[in-house]
Every structure is written in C-alpha cells, then in structure tokens.
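Participant: Based on these hints, arrange chains B, C and D on the given structure of chain A.
Chains as they are written, first to last, in the working numbering: chain A, 473 to 816; chain B, 473 to 816; chain C, 473 to 816; chain D, 473 to 816.
Accuracy of the hints is not assured; some may be wrong.
All copies of an identical chain are treated as equivalent in the list; a pair is satisfied when it fits inside any one copy or across any two copies.
Below, computed lysine-lysine pairings styled on DSBU-like, alpha-carbon distance capped at 30 Å [said to hold, decoys possible]: (1) LYS565 x LYS810; (2) LYS509 x LYS565; (3) LYS675 x LYS509.
Just so you know, these hints were derived from the structure itself, not from any lab.
Protein chains: 4
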Amino acid sequence: MRVAIVGASGYTGFELVRILCRHPAAELTLITSRIQKGRRMDEFYPALRGHCQLTFQEADPDAIAAEAELVFTALPHQAAMDIVPALLERSLKVVDLSADYRFRDAGVYEKWYQLHQTPGLLSQAVYGLPELYRERIRNARLVGNPGCYPTSVILAAAPVVANRLVDRNSIIADSKSGVSGAGRGTSLTVHFCEVNDGFKAYKVGEHRHTPEIEQELSLLAGEAIAVSFTPHLVPMSRGILSTVYLNLLDGVSPADVDRAFESFYRDSPFIRLCGTGDLPSTLQVRGSNYCDIGWRVDRRTGRLVVVAVIDNLTRGASGQAVCNMNLMSGLPEDAGLKDPPWQP
Amino acid sequence: MRVAIVGASGYTGFELVRILCRHPAAELTLITSRIQKGRRMDEFYPALRGHCQLTFQEADPDAIAAEAELVFTALPHQAAMDIVPALLERSLKVVDLSADYRFRDAGVYEKWYQLHQTPGLLSQAVYGLPELYRERIRNARLVGNPGCYPTSVILAAAPVVANRLVDRNSIIADSKSGVSGAGRGTSLTVHFCEVNDGFKAYKVGEHRHTPEIEQELSLLAGEAIAVSFTPHLVPMSRGILSTVYLNLLDGVSPADVDRAFESFYRDSPFIRLCGTGDLPSTLQVRGSNYCDIGWRVDRRTGRLVVVAVIDNLTRGASGQAVCNMNLMSGLPEDAGLKDPPWQP
Amino acid sequence: MRVAIVGASGYTGFELVRILCRHPAAELTLITSRIQKGRRMDEFYPALRGHCQLTFQEADPDAIAAEAELVFTALPHQAAMDIVPALLERSLKVVDLSADYRFRDAGVYEKWYQLHQTPGLLSQAVYGLPELYRERIRNARLVGNPGCYPTSVILAAAPVVANRLVDRNSIIADSKSGVSGAGRGTSLTVHFCEVNDGFKAYKVGEHRHTPEIEQELSLLAGEAIAVSFTPHLVPMSRGILSTVYLNLLDGVSPADVDRAFESFYRDSPFIRLCGTGDLPSTLQVRGSNYCDIGWRVDRRTGRLVVVAVIDNLTRGASGQAVCNMNLMSGLPEDAGLKDPPWQP
Amino acid sequence: MRVAIVGASGYTGFELVRILCRHPAAELTLITSRIQKGRRMDEFYPALRGHCQLTFQEADPDAIAAEAELVFTALPHQAAMDIVPALLERSLKVVDLSADYRFRDAGVYEKWYQLHQTPGLLSQAVYGLPELYRERIRNARLVGNPGCYPTSVILAAAPVVANRLVDRNSIIADSKSGVSGAGRGTSLTVHFCEVNDGFKAYKVGEHRHTPEIEQELSLLAGEAIAVSFTPHLVPMSRGILSTVYLNLLDGVSPADVDRAFESFYRDSPFIRLCGTGDLPSTLQVRGSNYCDIGWRVDRRTGRLVVVAVIDNLTRGASGQAVCNMNLMSGLPEDAGLKDPPWQP
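For reference, chain A alone in the conformation it holds in the complex (with noise of 0.2 Å):
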C-alpha cells in the first residue's frame, strides 16, 4: 500500500512518518509542506536521519495520484476542504485531520468552524472512532479523523451513554493536555518559560471540539446532549487526560457501570481498561494507541467519575489515523501500532 501525507511537516505529520516507516504493509511515498518544499523530511527533524529520505513536494493532485492509493490530509481545517475533493475525484482514499469532515450536519460545523464548501461530502465521510464505527470505516472512502480531545471523552463516555446509565444533561469534561497538541508553530502560548510551571483553562465554553463531542453522544443516546467542556494546558509534551463527570440515573449500581465498560470495548485491542479505583497517567500511554480508562462511583453524591488518557499525537491523532488506513485496506486494525508506550 503506497500512501502519500498532506501537510507532513507539523507534528502530527512527523508522527504519521514515525509510524509508517516501520509499517508493516504501507509504504511513504510522498510528503508535501507548502511552506517547507524543497527541503528533506530528516533535515528539518534529525530525529529521522536513517528513517526518511523524503523530500517535502508541493501538494499536487495528480502527483499525489500518481503515488499513492491512501491519503493523509494532516491540515488545518478549510485547507484541508480545499483539496480532499481533489483527492477522492482521483480514486485515492482519504484519511482527514482537520475537523472539515468531523460533522454530519453542516449546520453544525459552520457555526463553531465556518461555511463547509463540500457539504455534500459529508454524508459519506465517516467519524473515524475505531471503537464506534469500525465496519463503516472498512468500506469508507473518506474518513473524518477525530479530535484528539473528543477521542478521548467520547471513549470515557460511550458505556454509560450508550447504556443509558446517565443523566444526558449532567456531563461535564475536564480535558487536560499536553503543549504538543497546540501544534509546532511557534507563539507565546507555547514559549517555554510560558508554559513551565504554569497550568491553565483556555477557551472555557466555547472549544470546538464542543460539537464534536456532543454529535457522538447524542448519537450513542439517542437524544440531544450538551456537555460542558474545558480544556487546559499541562506543562508536559504529550498526553491528554479528561476527567468526565456523569450524574448516574436511579437505581444504577457501580457493578451495572463496570458490565458497560466490559462489554461496550470488548473487542478494542485499543482500549486498556483499569477498573474501578485504578486511575491510569499519561505516561502509560505515552507514543502508543492506547486510550487506557478508569472510574469510580462516588456513592455520597450520585456521580460516576470518568478518566481516559491518551497520547494526544497517536491515539489523538496520527496513530489513530494509521489505524483508520488499516481498517480501510483490510489490514488487522493494530497493524504497525504494536509497540509499547515510553516510559518513562
């Protein structure tokens, strides 16, 4: 399987080359960066001296076309619009980052986003969650990656949403992550003696990754649901970790939450579940595809407690991808995402 990234020179693009040159059954062809043509893959990361001797083109269709049979489109969301057509006109399959088809409502995506110039390719994009919708995505074309805040909160709630042992109006998730997930562009935000030592909220209420959470639940319910969301920034590299809170129903006992959890990942080779009590840290994830889950029932106030953490560049992002690429070519789902997490 020959496979071609788009945008290949931020962070999620590295981690798409980390992951593919040691792939099994896909190999790199192509790599574009509009701004970084030209140069070679391991000069501007060294880290992949030996690894990568591609250099980055421009982002051309036919050429693309011409290497590749899968896609990935590692851009920010309305560029990524601006070319996926393109992509999917000349057969190739696609594997998208940016949010552009995330949605199955445009509405939705051009109230948090802006005006979606291909609604009609909506319909047959699919949310690329393994754990979800993975036989959809076996036969997609086209696959909306997901964000990596709403990986993993979506993991964290699905059991007990889809089991409907929840109050649908008392979810509330506390995401933290890492800088990495600002991307490698350069700001005040990520400035170093910015970050070191300083822990905050940003963009409380008002996140895009909003909505993103909230079609997937409603979806899994089977009723509308809005969930408070606040995101913040960890002063550490890698890792997200989302503290999901739930109101339990009547009647619901700590045992009934336990056979939602075991049942709904049963046969996720992904997710890692901890039990009750046992609450997992980001390092233990750390470099891998695992979304590793744990909870408790707070009895003296009715709440169940939710924590997922995950890589925010794999599982969040690039080995999430690889892992939608496998599904669509009929690989096993785990192909090329084995190894284990760093620690420490």
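Facilitator: Chains B, C and D alone, transformed into the frame defined by chain A:
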C-alpha cells in the same frame, strides 16, 4: 513579635522561614524538627544561607514559650494534636497548618481522619480563611489553617454559594496541583521520571479535603452541600488550579455572577478578580499570597465555570498562615506578603 | 530616586519592575516599549496586578529626563547605542543591559558585534560587575551591565586568575542556561516541545559572550587570555550553571585555591562560597542576586573545577543592574535585593 | 532465542522488556526481581499491559538455565558478581549491565569500586561497545555492557584519540544526564521539586565512570590517558549529552578531524554524524540506540569540541545490551532496534 515554627524541615517550613525572615514585624526565634534536630536550617536548605542561622531544636513547649509568642505548627495531622494543647496552655497563640483544627464537628474529622484527642478545642479554633473569617481570626488564639485545595475551591465558589445563585447539589471541583503539595518526603509518586510528562488523577471521591470544602460551603449556603472533588497531579513544582462547575439557578444572569464576585471580595487585598472570560494561569500567582479568579457563564448548558489559581505553598499554606498571624497580631493583613509573584 | 526603564516588555524588563516595585529607595516612574506602547504593564503581565499601574510609553529622551534621574536600558545591542547618548546628554545616569557598553576596545566589539556608533563613550563606561569594580561603579554615569554567562564565568575564575594560580591558556567554560536567557520572543528554539526533555549545545566557539569573558580575565591576569566557551540550553526557565576548568600551575595547593576565593570575595555580600566539594544547584539561587560558588581540585589531572550558579534574570541581568543602581546612588549594595531565593 | 532478565524491575529492566517484547528473534521467557517477586511486570508498569504477562521470579540459576539461553543481568555492581559465574557455569551467555565486568584490570575495579570476587572472569569478558569490539563481542560468552556516560564520551573521543590527533593530557568530558540515569529508587536527589528548574554538577573528579573512560581511551591511544570527567543532572527524564574538549596537536586540520570521524564510523549503523557545526540535541535520539555526534574546531584556542548525545536508557544501557545480544547470537546488529527516535 517573636515567632516559632514547629516542624520546619518540610516545604511549608521552608516557605514560612522564607517569608518570616523578611517580615517587618515578626522575628523568627526558634525552629524545630524531630528528624533534622541539631542541624542548621541553612545547611539543609543552602538557599537560606545568609537568611536563617537557626538550628533545628526538639519541640519542647516550655522552651518554645520562652522564645516566642506565636507558633506555627507545620506537622502532619495527629502530630499537631499532640503538641497544640500544651502550647495553648502556655498562652501561646497557634496557627496550625495540619487538618486537626479545621473542623467544627469532631465527628466529621473522625470519619475522614481518626479519633480526635482534643475535641473541646474545636469550638475555639477559627478556620483561617481571611476572606470568610477576618474578624474572628483577629480575636483567635488558635487558627486551623486551611488546606491547599480547599482554599482554592472555597474562594472560587463562596460568592455564588453565599448569594444562592447556584444549585447546591451541582458543585464539582476539578483541582490540579503541583508536586510540592505532596511534601518533601521521598516516594515513587514524586520521582521526577514518574511525574515528568505524566498527568494523573488520584483519590477520586475520597480525598480528605472534601469534607473541609463541604463544611465551609454548607456554612455559607446555610444548608448541607456535598461536592464532587477530584485532585490531579501536575508536572510542576508549585501551584493549584481549581476548575469549579456550578449549575446556575433559573433566572440568574451573568451580571448577577459578576456582582456577586465583586461585592464579596471588595475588601480583600489578596483576591484579584480577572473577571469574566479572562482565565488565570498558576504562573501569575507563583510565590505570592494571591488567589486570582476568572469565570465564565456557559449559556448552552446553564453552568458557571470558575477557575481559581493559588500558589499551594504560599496561599495554600505558609503565606496564608502568615496572613493569619498578621490578623491575630493586629498587623496589616498583607504585612510581609507584598512581593509580586515570580515569573517566569 | 526616580527611575525609568527603556524596553520594559521583555523578561529582563519584567524582572526590573518586580524588583523596583519593592525597592526601598527607588521609584519607578516610566516604562517604555516600542511594540507594547499604550498597553499597561499589568495587562501584559497579570502577575503584576496591584504592583505596577504604568503604561508603556514611546522612548522619548526628554520625557524620560522629566520623570527620572536614572535609566535602565533593556534593549537589544545596537538599539541601546541609539538612545544612550541622548540620555547621558540630559544628565541621566544609565545602566545599560545590552552589550554596547561592556567593552573597553571598540575593535573587539566590532569584531564580534558590529560597527560601534559611540566609541568615545566606552572610556567612561564601567563594566558593571560589583565584585571587580565596586568603587568605579559608585562614580560612574554609564554602566555596561555584564552578560549573564560572563557574570557566572568571570566570578568563577577571577580569584584564581587574579592570583595567578592557573595556566592562562587552559581555561574552558562549559555553561548551561535556562530558557529565559533567550528572551520572551517566540521561535522554535523556545517552543516547549522542542525544549522539554531536550538538552543541547549551541554556538560552540562563536558565542558573543566569549570576548567579554576574555576581556575581564585578561585584565585580572595582566596578560591576554583566550577561553573556550560553550553555552548549552537546559529545559528549565531560570538559572545558569558554569563549570570552569583550569589547569593549576605547579606547586599550587588546594589550600591556595581556598584562600584565593575567600580573600577575593571577603566583602562581597552576594557571593556565597560553598567551599571545596560542596557543589551548588541553580535552584538555591533562583530569584536572587547571589552567585554561589563551589570548587574541587582534581589531583589526578592537576585541574581545578569551579562551579558557579546564578539566576540569569536576576544576577545575570536585572538584579545586577539594580545593584549597580544602588552603588551609583550611594545606597547599600543590597538595597531591594535582600529576599531569599525561591525554592522549590 | 529465549532470553531472561535478572533484576528487571528498574528502568533498565523496563527498557529491556520494552525492546525485547517486539524483538523479531528473541523471546523473553523469565524475569526476576528480589523485591517485586510474585508481582506481574504489567502490574508494576501498567504501560506494559498487553505486552508482558510475566511474573517476577526469584533469581535461581537452574530455573533460568531451564528457560533461557542468554541472560541480561541488570543488577547493581557486586550483586552481578554474585550470580554471573553461576550463569556462565550453566552455559548461558551473559550481558551484564553492571560495572563488574567492564574492566580489564581487577586493580582498577578495586580502586574505584570494591574487592572483585571473580577476577579470573575479566579476561574473557568483552567490553560491549560494538563500535570498538564488534568482532570480539560476536564470540563472547560474557559482555560487560558499558556505562551510560562512558558510552557517550568514548564514542565522542575515539576517532581522534585513535588517530592521535589530540593531546592525550588535555581531555575534558563535561557530561549532562537526565534523571532516569539515577534509577527508579526514591531519594531527595530525584524528587521532582528538587530537580525541576534545578541543574547541578555532582561527584566532580570522583565519579566511577572515570576509569572506564580512561581504560578505553588509553587502549585506543596505546598510552595512558587521564581525563577530567564531570557529570551533571539535567531536569529531564532521558538523555545524555557529553561535551568533550580536546587540544588538537600542531598541524591537525579541521579536515583531518572530519576524516577521522567518517572513517572510524563508516560501518556503524547506530552512529549518525552531524558533521561540523551541526550540534545534536538529546531529543533527536530519545528512545533509540543512536549516538549522534557533532563537532567544531575552535581555531582561536586550538581546541576540538565534540558533542555526543545518546538516550541513557537505550544506547546507554538496554538498547546497547540488546545490540550486544544480537552480535553474540549472529543476528543483525540492529535487530529489534530499528524504530525511529521519539519526538517531541
């Protein structure tokens, strides 16, 4: 004013010495430590060379009474109860940094901690949060200095709870602390390689600071309040950020919330209101006694989200203790606490 | 004493404000910033709310002369030369934090930097290292405040160089700095994810602080000295540690070395000698004007290894600048600089 | 190939498991730990869930011989000597990660460590630095795996020492290590709050890795070499950077130096030469077995400065051990070690 510190070898002890050695009206005359007895403070903490020549003593109440008028007890709970009564008997004023004198009801203490040896003292102890009990602290002989997490959570929620703007059953406090909150003792939990690039929750639904938060919010509301409280460990040395979620009662407007904060903290020199939408970072209060508070009403969900930041060692422990000493001694509330925060 | 800061928006500007707003004898009356003009300092740095209400002005020499008697110029080199002469003409005293007035020989400056516009001023400028030039600084109108690396290296080597205990051709300074030394500007170099868990050397053999170190060591030795100087970037915010290697001349004993340090720094309040074998950490001087120095004679190789630590923003820039202001104004050397270091 | 790890509970043990559980030709069959005996590896390191189901055993030579053909001993020095002879007697091959079998001369070992119990084995042990002893390692039954610091320093200096381009009395190695080098044991030294924003030197002139560096450089030079070696602790988890200073002999040109590096490492898959002036960061080798080397000739002082970076746990310990296993087993040198480094 001559003051002593019992249990001065930990980080809160260091922080007390740091503040007191520059205090305009207090003189530190005696420090104790069971383990470091006989060693000089500035040998143990080279940072203090030139600032503190004291040698750690045994904690003998008579010796302390001969050297000081007020004592900070910076001991683990239980150990505080072992010495505080003897200090009070010798007419010393006491600011106790443990949990032993924070509770009004010995039963609550005993449920979450252990048997209380001196329940009779609880009625004369004042909870040392100046924004709530300024006048009572001025006349107190014994102050129970608040816990670090409760300081941030109570200050975040007090204005809207006291003004009955929120559903008292809806309160969730998601708190994040730097590692110094775990003290200077050694363990795998504070090993650099286990903390760095790792973020985790702990003691979900069972942390001992929960009843302290509930006691004070219940008193403010005039009715029993249970809260969900989740502490997390952040890879940084100092700082606590608490994100507090509260459901607004019907008809409460954002302006009502703003007014509640502004009037509640009108005369509080250590509260800095960031106002609505401007959210503080732990970095902007580091090394100071400030609590900076920002908030935002999320109209979609009807929730208020309040973010409060403090330095866990200063405002969350030793700075607040000095502030209490100031009030107990007729000094200005901010004596010795006027330095700006440390950045970066 | 009314003072102004020209170029106050960077980290050294922040640090000057932090120190001056608590200084017992100086009043900060005016701050300038070309880019932040019109904005309030405490808006730009929320940490300073309640401490500095000044608004950034344009840097106009007449306006400055109307408001201040002494000016700190915290500008990049070249920009300093553009305004310092105008300030001196208006009878203002100047402490310049750039490299523009650190060199005795314009030729050296021009070799490592660029054309010097006001070489005539160099003869009246004093190199602002109080341990070397305390008396001359007292009478200076213009002080060239030392670079951060040179401060640590010169203080480490001065006693044994001045006493001719070491081979002048053998000096190697291996220095390590926190990230704040790179300033508050944004770039990939200071991106959290490029710094965190990354350690690197830069500008080996060509860093501009080299000639500054050589100038001062040569003056102390009475003969020309060339040093090897290698700076490194450490994943931390503040602090410089310099490890300096010097070959001892035949017959020099460890006791000779000890004596040299002790007598050289006898009356220097900001030097704390750790003595032989007790090596300082950057943490023990953070936020202070101290330089802590430890050393060890390695008999196997005949080398002396000296380790000096400073806070790059305080002793390496703004604290030292205030110390120079104190001396130029007849104040005690440590006025406003008496706070203990910050730990942890 | 069935392999066992004796002493698998520390960071080097984790790293061995991490690499071996994905190795194409080795099967990990047994792990031991005195303290964690009876516990599962993936309980102790949740990161390994799904990757290693082994339970820590007692270290019994017969049981090990029944399960494995090659053993990694990852024990403290002394403890290694206690078991290695019994393993060799049972015809097992051994890669020992302690210092016990790194020295040719028992006298040197005894001067820096303690009495050697099995000096007779030293003559058959091979120093496991593949770039120097590739052929001898292939035939070895016992390999003394190099120390982390020596690996970086020897690889930095070997080409110019072996080619006699430098003054053998001039060598200074200034090394900086991440905290994982101190192991997973708890102590104040590795407490997050003592490390974070702290940088320090330790054991100046007396670190036990000194004689190991000297042994190998002396063998390369054909004459006795003494080096000055100073280790430092960096606030990061993984990585070592060594800055090595060497005086060039008269007449040696920069091109001579370049040629020495290029020819010396011609066939070494794990050496990546950055060339002159392009200096590597520890981040670009993290998690890999690479040693990246850059250098610069400083004409002003006649010195060569070489900068080498490795991951202390991978190349500095477990990765190198696996590389030695590969050579001892007739496998390609890089089997199981082909993954690109981790960034960010």
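Participant: Tell me, please, which holds for LYS565 and LYS810 at an alpha-carbon limit of 30 Å: within, between, both or neither?
Facilitator: Result: close both inside a copy and across copies, 24 Å intra and 29 Å inter.
Participant: Can you tell me if LYS675 and LYS509 fall within 30 Å by alpha carbon in one copy, between copies, both or neither?
Facilitator: between (33 Å within a copy, 27 Å between copies)
Participant: Measure nothing new, just compare the shortest in-copy and cross-copy C-alpha distances for LYS509 and LYS565 to 30 Å and report within, between, both or neither.
Facilitator: within (24 Å within a copy, 51 Å between copies)
Violated hints are absent here; each numbered hint is respected by the structure.
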